[in-house]
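There are 2 protein chains.
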Amino acid sequence: MNTGRMRELGEKRSVIRELFEYGNKRKAEIGVENVFDFSIGNPSIPAPKELSEEICRLLSEENPLSVHGYTSAPGDLSARKAVAENLNERFGTNFGAENLYLTCGAAASLTISLSAVVEEGEEVIIFAPYFPEYTVFIETAGGKPVSVPCKWPDFQMDFEKLSEVLNEKTAAVIINSPNNPSGAVFSEDSIKKLSSILSEAEEKFGRKIYLISDEPYRELVYGKTEVPFVTKYYNDTIICYSWSKSLSLPGERIGYILVSPENPDWKAIYSGICGAGRALGFVCAPSLFQKIIPKCVNMTSDFSVYEKNRDLLYNSLAEMGFEAVKPEGAFYLFLKSPEPDAKAFSEKAKKYEILIVPSDDFGTEGFARISYCVPTEQIERSLQSFKKLAEEYSL
Amino acid sequence: MNTGRMRELGEKRSVIRELFEYGNKRKAEIGVENVFDFSIGNPSIPAPKELSEEICRLLSEENPLSVHGYTSAPGDLSARKAVAENLNERFGTNFGAENLYLTCGAAASLTISLSAVVEEGEEVIIFAPYFPEYTVFIETAGGKPVSVPCKWPDFQMDFEKLSEVLNEKTAAVIINSPNNPSGAVFSEDSIKKLSSILSEAEEKFGRKIYLISDEPYRELVYGKTEVPFVTKYYNDTIICYSWSKSLSLPGERIGYILVSPENPDWKAIYSGICGAGRALGFVCAPSLFQKIIPKCVNMTSDFSVYEKNRDLLYNSLAEMGFEAVKPEGAFYLFLKSPEPDAKAFSEKAKKYEILIVPSDDFGTEGFARISYCVPTEQIERSLQSFKKLAEEYSL
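Order-wise, the sequence lines are chains A and B. Residue 515 in our numbering sits at position 215 of the first sequence, and the numbers go up by one each step. Residue 359 in our numbering sits at position 59 of the second sequence, and the numbers go up by one each step.
Keep in mind the hints are simulated off the structure, nothing from the lab. Where hints are given, some of them may not hold.
It does not matter which identical chain is used: a pair holds within one copy or between any two.
Unchecked claim - BS3-like, lysine-lysine: derived pairs with alpha carbons at most 30 Å apart:
(1) 381 <-> 312
(2) 688 <-> 636
(3) 381 <-> 325
(4) 508 <-> 312
(5) 688 <-> 469
(6) 688 <-> 461
(7) 532 <-> 648
(8) 469 <-> 444
(9) 492 <-> 327
(10) 325 <-> 567
(11) 469 <-> 636
(12) 595 <-> 349
(13) 567 <-> 327
(14) 567 <-> 312
(15) 451 <-> 643
(16) 687 <-> 444
Fair warning: this is a prediction, and the values are worked out from it, not measured in the lab.
With the hints as constraints, model all of the structure from the sequences given.
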């Protein structure tokens, strides 16, 4: 590969990671309780306790050679069956184990999917604001990221701009809803409109355009919000999922890829995914965590804290005069910067020990991401500092 | 990437996998006890029981957010420290946590290392017989595999042939000792000779040539056999390790890359490895299994069964007139085919319900691999069939 690119990727810390490291240093200096660290999207509520129980049961009752052994490359059959049945129940779909490929988490789901459908030099559309690693993963697959903005103030897709960039080189479009970093959820109308535009483009350019739906936050929605299930609207869909957030297991690297059987080419795409997993060095997803899936497929961590945090933070900041979209999902609040330069805003916040990520690396200018997957007390304690920040901007 | 290549890799079953599937079918037909399946290199002895205890202790005593949380990309600091200290004690080396990068197993160690040091179009030397996936991993990194034979009857490297293929495009050399499939261990003399040839080639061609030592079978050696620790002989060494075999955890995907600090460029190479891990979609190694490392770093599964199997199988087959090198490590016996065509030999063995892998995919003609990581009774029961096979060849 391009060894210079690898070196650069290894040396360059992300803005998020830098802020996080700064926060750790600052906490050591002035005390954890005095730093309001909203930099990182790490779940702050534990995995369901049934999960630990199931792990210990597997270890004490099952044959260790099978618990820790290689599974088939696509994953343990009962885990895949459990996922298919769970999706079919929830969304009225018609999936089988053969449509699913278990992975080492969402990042793996994405690099594998992209490697399976993107040829060298082709384009992949992403909607800004986006998770910054998308550009890295697209480039690994030999693709070129093309950014299309979402619209203020609801952060739905800008379809006019989308239509302008679609062309004969477009291999795929990535969506991420609920969204990191905006907290927006694409409405059913938006997904319908997107599907019809992509179908037209497929016809116009005489090629497949895959819709890759990155859904680690699918279950993390508030109130009556529903996340449309994309395979029902667009046949050439590949869903990338991870249990990192829903079961609070980000370090365990367990997720899946689902290739919609509504796509007449799905078997070839599925083969490409198996091949890409093999080529990139993913032999199988971690086996112990595959084996807890049948037991845990219908569980989530207790998300009520995130909803409480969202309400407290959104309402308090709105009252102070800050502007933001009320997040409908995920655990991020995308705050409009009171000055055009988001980096300057993030630096000013630091003066009040508030650590929030400027939006530039998410492909959007003039915002800051607040990760509210933190203890509620931290938000309570931070409000006075946010108040001072608001005053500095005379909000 | 090349989506056609991905599809082909996903569709084409390996010979090993095909034989294994045939075995499963045959077992269903005539009974497990009547099929002598030596096709797959899956550990047949369980993980140490302390490992399960440590997992349940972590789950009950430690904070689940930390147990299952993201670690830093290079891996949990105490796990890396434990590995460095363990290596320093055993081999008199001088490693620190900063030289280690934890991975999702040996395949990941290899794809990451190759992506970090191989430029598009460069060559990577492998010694035949070799693990067939090496060619896949090298091609993913954009490299070209160049095969150099080992010599019958001791399966040490053929240095004359090696010298012939080294050139200004050689980026790396992979060794695998103890070897899959031959069971050979490269002697200290061989490693010294290899090192001196590579050092000369580095000077002659004015470039770095990395020695990538793939060591999942390091601890699996018999009698007084010692596996030389390669960083002591050659500075530009990258070690790829996995706990799959030593702790019988092949499905859990946990291993490491070690970049020798004796290489003056090690920091840049280490950065390249961090970057490649990121680019390929490996966020971190599975966190729960990272966290058992400090406790388990000095343990192995009980290998005595493998040694017993080796002795029984090697001695019995030798007595029947078969030729093979006595394996010094790993759990494979590389049997010389009594006829030039190894595939024909493997087919004949099937008549007696013996499943052994013809050597062609390992890059060597005229042998068959017997994986003796099976219950000893299977070997005992199979001997009569091997005897018939020997008779068919009038050995």
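Hints and how they fare:
For a Cα distance limit of 30 Å, the shortest separation of residue 381 from residue 312 across copies, 24 Å, qualifies, whereas the shortest one inside one copy, 41 Å, does not. When the C-alpha separation of residue 688 and residue 636 is checked against a cutoff of 30 Å, the pair qualifies only within one copy, where the shortest distance is 16 Å, while the shortest distance between copies is 80 Å. In the homo-oligomer, the alpha carbons of residue 381 and residue 325 lie at most 30 Å apart only across protomers (22 Å), although the nearest pairing inside one protomer, at 46 Å, exceeds that limit. For the homomeric pair residue 508 and residue 312, the shortest alpha-carbon distance between copies (24 Å) is at most 30 Å, but the shortest distance inside one copy (35 Å) is not.
Taking identical chains as interchangeable, the C-alpha atoms of residue 688 and residue 469 are never at most 30 Å apart, the minima being 49 Å within one chain and 61 Å between chains. In this assembly of identical chains, residue 688 and residue 461 lie within 30 Å of each other by CA distance neither inside one copy nor across copies; the values are 38 Å within and 73 Å between. Taking identical chains as interchangeable, the C-alpha atoms of residue 532 and residue 648 are never at most 30 Å apart, the minima being 45 Å within one chain and 52 Å between chains. Taking the closest pair of Cα atoms, residue 469 and residue 444 come within 30 Å of each other both inside a single copy (10 Å) and across two copies (28 Å).
Taking the closest pair of Cα atoms, residue 492 and residue 327 never come within 30 Å of each other, the shortest separation being 47 Å inside a single copy and 50 Å across copies. In this homomeric assembly, residue 325 and residue 567 come within 30 Å of each other (Cα to Cα) only across copies, at 24 Å, whereas the closest approach inside a single copy is 50 Å. Taking the shortest alpha-carbon separations for residue 469 and residue 636, neither the intra-copy value of 34 Å nor the inter-copy value of 52 Å comes in at or below 30 Å. Within a single copy, residue 595 and residue 349 get their C-alpha atoms as close as 12 Å, and across copies as close as 24 Å, so both meet the 30 Å cut-off.
Taking the shortest alpha-carbon separations for residue 567 and residue 327, only the inter-copy value of 29 Å comes in at or below 30 Å, while the best intra-copy value is 52 Å. In this homomeric assembly, residue 567 and residue 312 come within 30 Å of each other (Cα to Cα) only across copies, at 14 Å, whereas the closest approach inside a single copy is 38 Å. Taking the shortest Cα distances, residue 451 and residue 643 sit within 30 Å of each other inside one copy (21 Å), while across copies they are farther apart (63 Å). With identical chains, the CA atoms of residue 687 and residue 444 are never at most 30 Å apart, being 42 Å at best within one copy and 60 Å at best between copies.
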